[in-house]
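Chemist: Protein chains in written order, with my numbering: chain Y, 1 to 751; chain R, 1 to 286; chain D, 1 to 153.
No lab work stands behind these hints: they were computed from the structure.
Among the hints, erroneous ones may be present.
Claimed, not checked - If the Cβ cut is set under 10 Å, some of the chain Y residues that face chain D in the computed set are: (1) 15; (2) 29; (3) 230; (4) 427; (5) 498.
Said to hold, decoys possible - The following label-pair restraints were derived from C-beta to C-beta distances: (6) R/155 with Y/419: 54 to 62 Å; (7) Y/568 with D/124: 53 to 61 Å; (8) D/118 with Y/563: 57 to 65 Å; (9) Y/55 with D/69: 35 to 43 Å; (10) R/137 with D/69: 52 to 60 Å; (11) R/110 with Y/695: 52 to 60 Å; (12) D/79 with Y/563: 26 to 34 Å; (13) Y/568 with D/80: 30 to 38 Å.
Claimed, not checked - Calculated lysine-lysine pairs in the BS3-like style (CA-CA distance at most 30 Å, straight line): (14) D/2 with Y/423; (15) D/2 with R/155; (16) Y/469 with Y/423; (17) Y/673 with Y/47; (18) Y/673 with R/155.
Even glycine gets a Cβ: it sits at the ideal position worked out from N, Cα and C.
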Amino acid sequence: MRVGESVRRPDGAAKVRGRFEYSSDLHAPDMLWGATVRSPHPYARIKAIDISAARAMPGVHVVLTHKDVTGRNLYGLEIKDQPVLAHDFVRYWGEAVALVAADHPEQARRAAQALKVDYEVLKPITDAEAALAPDAAKLHPNGNITRQVKIRHGDQSARADIVVTGEYEIGMQDQAPLGPESGLAVPEQDGSVELHIATQWLHVDQEQLAAVLGLPPEKVRLTMAGIGGAFGAREDLSMQAHACLLALEAGRPVKMSYSRTESFVGHVHRHPGRLWYEHGADRDGRLVYVKARILLDGGAYASSSTAVIANASCFSCGPYRVPSATIDGIVAYTNNPPCGAMRGFGSVQNCYAHEAQMDKLAAELKMDPVELRMRNALQTGDKLITGQTIDGPVPVAELLKSIAAMPLPASGEGKGGDVDLTKLPGGVSNTTHGEGVKRGVGYAIGFKNIGYSEGFKDYSTAKVRLFTKDGKARVEVHTAAAEVGQGLVTVQAQIAGTELGVNDVVVLDADTNVGSAGSSSASRQTYITGGAVKTASEAVRDRVIAMARAELRAPSGLHIENDNVVTGTGKLVVPLATLLGDEVIEETREFHPRQTFPLDAETGQADAHMQYAFAAHRAVVDVDAELGLLKVVELATAQDVGKAINPQAVEGQIEGGSAQGLGLAVMEEIQLKDGVIRNASFTDYLLPTILDMPPVRMDVLELGDPNSPYGLKGVGEPPTISSGPAIAAAVRAATGRPITRVPIRPHDLTL
Amino acid sequence: MNFLQPSTWAEALAMKAAHPEALPIAGGTDVLVEINLDHNRPDTVMDLTRVADLAEWATEDGLVRVGAGVTYTRIIDELGDRMPGLAMASRTVGSPQIRNRGTVGGNLGTASPAGDAHPPLLASDALVELASASGTRRVPVRDFFTGPKRNAARKDELIAAFLIEPATGPQTFSKVGTRNAMVIAVCSFALALDAGRRRVRTGIGSAGPTPLPAPEAEQFIEGELDWDGRQPPSDAAVARFGELAAAAAKPIDDVRGTAAYRRHALSVMARRSLGWAWQDYRVGWA
Amino acid sequence: MKVACTVNGAAREADGVWEGESLLYVLRERFGLYGSKNACEQGECGSCSVFLDGVLVCACLVLGGQANGRTIVTVEGLTDASGLHPVQQAFVEAGAVQCGFCTPGLVVATHDLLQRVRKPTEAQIREALAGNICRCTGYAKIIDAVNLAAGRT
């Protein structure tokens, strides 16, 4: 179990046997089921709530409204602006208004339906531009601009010979983790509550819950339940506070588990956006300036919007040398569903725009699109548009070279004969036997920050224990870091195993009995929690070596290998178990990466980010140009991961991330009408199936970042950034249509 | 909620007479979605999966009579040669899990304009057999769909079977969806050539309040086709056929697509389908 | 009402079942078999795939009462308590498991496929598993796992 090996997941056997306990599988004797009363209006004033009918329904034990929130009825990751239960206004369709707990989920649902809320329906603001209008209703006390980011870099009056402009639109994507929001809250005699929950960050949940419940943090204990995917959807509170309030009031355990429809209003989404770009270049294709206005719809509450717009702005130009940049990023409140974190976090939206612009520029210059990108490729030591000098490997040109050099898939099947429908646009739905099918190839590259930015405190805590069990050395690793499926549990074990030379490494369940790990987001956990496990393991190792030297008068240069303390030349000094005896060696360490700083409010200049990761994609797409249907034939990708701690898991991240990017490009969109979601189900919110996702050809580079543990870089998000823009480029190449909006819909390609 | 579980057809009909409000359920692929997502709370549900007769098919007076409880998977496996259009449509229904469970009878009962079985049933001039305690009647499928999710069955009737003449010429089915599998139709089109009678029949799905035929397109192209010489129809005739097929639709804008796109796609599918079917007729049908 | 059926070889019975409960709910909340997953409850994701009288179905689309007297095999019933079925082993080895929420359904669906087709082509694999949504893996390692399992059985 060492760093660099494709170690199998320790939870794999339980997962394939159906015996891994996810948050929706939890149960307790005497448990009640919670249900949520939700607003049927995107914007309304609550005039009155009558709980009497609901309370009188069979099986009902508790009905709660905003009056029953025992602490502060506001929460939020960046800005505390969201009520746990709406009191004066509801600001989006599906906002939580009241809670019910009953013996059976059907009883809870019926009671929720019976609860009467008297609303004064107001006209919703459902467009971000409209929210900015001077006469627009103020949805929050400080107005409708959640955050505005200004970047002013270089010569603000720069002019160029070649200018291309474009306007782009990105639809609202859902993370759609398969595990629904769910958990079990268990009240204790002393007035405290134990919450078993699937979350991306236990400690930030705990902190928010303590405030909402009016309890000291030690009276709100959280234990991680199995997580059925996250992708950003589990950063904010969903049912956590609701289940705790119900359980504390009922004096009985309460389980809540959202239906898929409820899940669509139970978590935030990827921000939809409109982006206006102007690129200026010289006649050799070198960028002179980029101007952009990026407008994201943040929906009803802030969530992590303020950080998303910073990312969208900071990485707005792509990984290119841009001497002058004028960027205005705005995220606005509306009465649409709240938006926040999703894999890629602001860099997904802007990548569609900057890559479309680069292709436009290439076409204008009659230059190969890859060549144009290489000519402008960012390199180590260059300044970003935020003024930060980028250090570590910046393999923009290498990644582009790699994907361009990969062999292309064989051309599609000709007409006639036995056609394999599954290989054609439309699949077995039999819409073409080759008629109308055109192939296109497109390229894209993107980048983003790893870890938190702008001075947000980034650290993780690990406790490592070494002791003897059944005559053999065992290591226990304890952190609060969320294993959301990405394989962090394996990585932690590999790192401890590597540093301590012990074969039996167990990663304990995450809970709040150990210090914060930060969130499983921003592609940061392998770096930050991995760093904490490494540091704590090193501290344990140092103590073991000191112990060996003291007790055995052994020479210096000792290390641990294969459960034995050995000399520098590998000679056995003492088996670890013998040395330890009954001794338990335990160390807890925090790992802090280098500091970052907030963007300047007027210029957006700062050393705002800690690490950058890059990925490039080439897409080959067959388009039935007459029907507007697509088949992505192949994705090819290259990514620098610094060091692959677990190569198989890295491949899995790249394949899975690419698939989520594909989804946004060709099918995934939460469709809204007047603030109401029209497709809150998996029947109409379409996710890529195994027949939609093509094989992925990949080149994983390990260039080693001198600043990070083992040289690693965050892996999870970059693949989601550039796969979609590459597909859009391929569709453009196949059809000659501009493709300025994703997801690409059949009518965009035909009418 | 009441749960009825007849074990014979006679018992089922008697129960339906006694409980006309009972919602029949077979594969559950529509009914359970409604219940699970809390869209519907039927007062009474009647499970028809115990009625063995419903899962039978047999040939009868030159027609194939298929019990309402025969699944899509069995239609593909057992009846693909006799009703290729319906089998092609069945292959596009949901997933293997759905096809193992879902039935054409259920599709007819739900009578969604997007039901995949409907266009090929229309193109095959199928009959729907409705039964009640007081008797049995057969309704041409063209008269069966009376409105969005409404059909010609009376409250006391159950869908017993559908009847189709074994294919007398090439049949095709095409469905536009925005995913390459497991997708509800944006619109769909079925075509059947009846070589013996020199007839063309069509069915349109998901582009109107009900599944629809395109009679003008049928009549037009029947006259254009060179049934004896088997020469391909002119490009102009094929294009006109596409236009008439699209004109028969009554689409709306909804979450799955726009009305304008649906018309466009229908014209393309109609043209292509005619091309494929005619090619099959030229090389394959005696 | 009462639901009595055979699950993974054992006779099981639940009383007081609400008539609107799906087989999935009955398996999970009445029989404590949480292996079949509740991801969409509309037949669109395949996470609750089980065998009902030997036929691959979504348990969420079967009404509890419809399962009366029937024989059900869930992911928990593919092997005894000790080992892993070759399909399960292949999923672990190929890296086809990430969050794992789709995994039980995929394991059951793969089991069904390999019973029908011993050495499926890639096209057959893709069509057979099209009803099982995975949000984590991008499916490449799932195809690897099916091939690995097919090579061993």
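Chemist: Each hint: holds or not?
Modeler: A quick look at each hint next to the structure:
| no. | hint | verdict |
| --- | --- | --- |
| 1 | 15 | holds (3 Å) |
| 2 | 29 | violated (12 Å) |
| 3 | 230 | holds (8 Å) |
| 4 | 427 | holds (8 Å) |
| 5 | 498 | violated (20 Å) |
| 6 | R/155 with Y/419: 54 to 62 Å | violated (46 Å) |
| 7 | Y/568 with D/124: 53 to 61 Å | holds (56 Å) |
| 8 | D/118 with Y/563: 57 to 65 Å | violated (43 Å) |
| 9 | Y/55 with D/69: 35 to 43 Å | holds (40 Å) |
| 10 | R/137 with D/69: 52 to 60 Å | violated (33 Å) |
| 11 | R/110 with Y/695: 52 to 60 Å | violated (37 Å) |
| 12 | D/79 with Y/563: 26 to 34 Å | holds (32 Å) |
| 13 | Y/568 with D/80: 30 to 38 Å | violated (49 Å) |
| 14 | D/2 with Y/423 | violated (47 Å) |
| 15 | D/2 with R/155 | holds (28 Å) |
| 16 | Y/469 with Y/423 | violated (55 Å) |
| 17 | Y/673 with Y/47 | holds (25 Å) |
| 18 | Y/673 with R/155 | violated (36 Å) |
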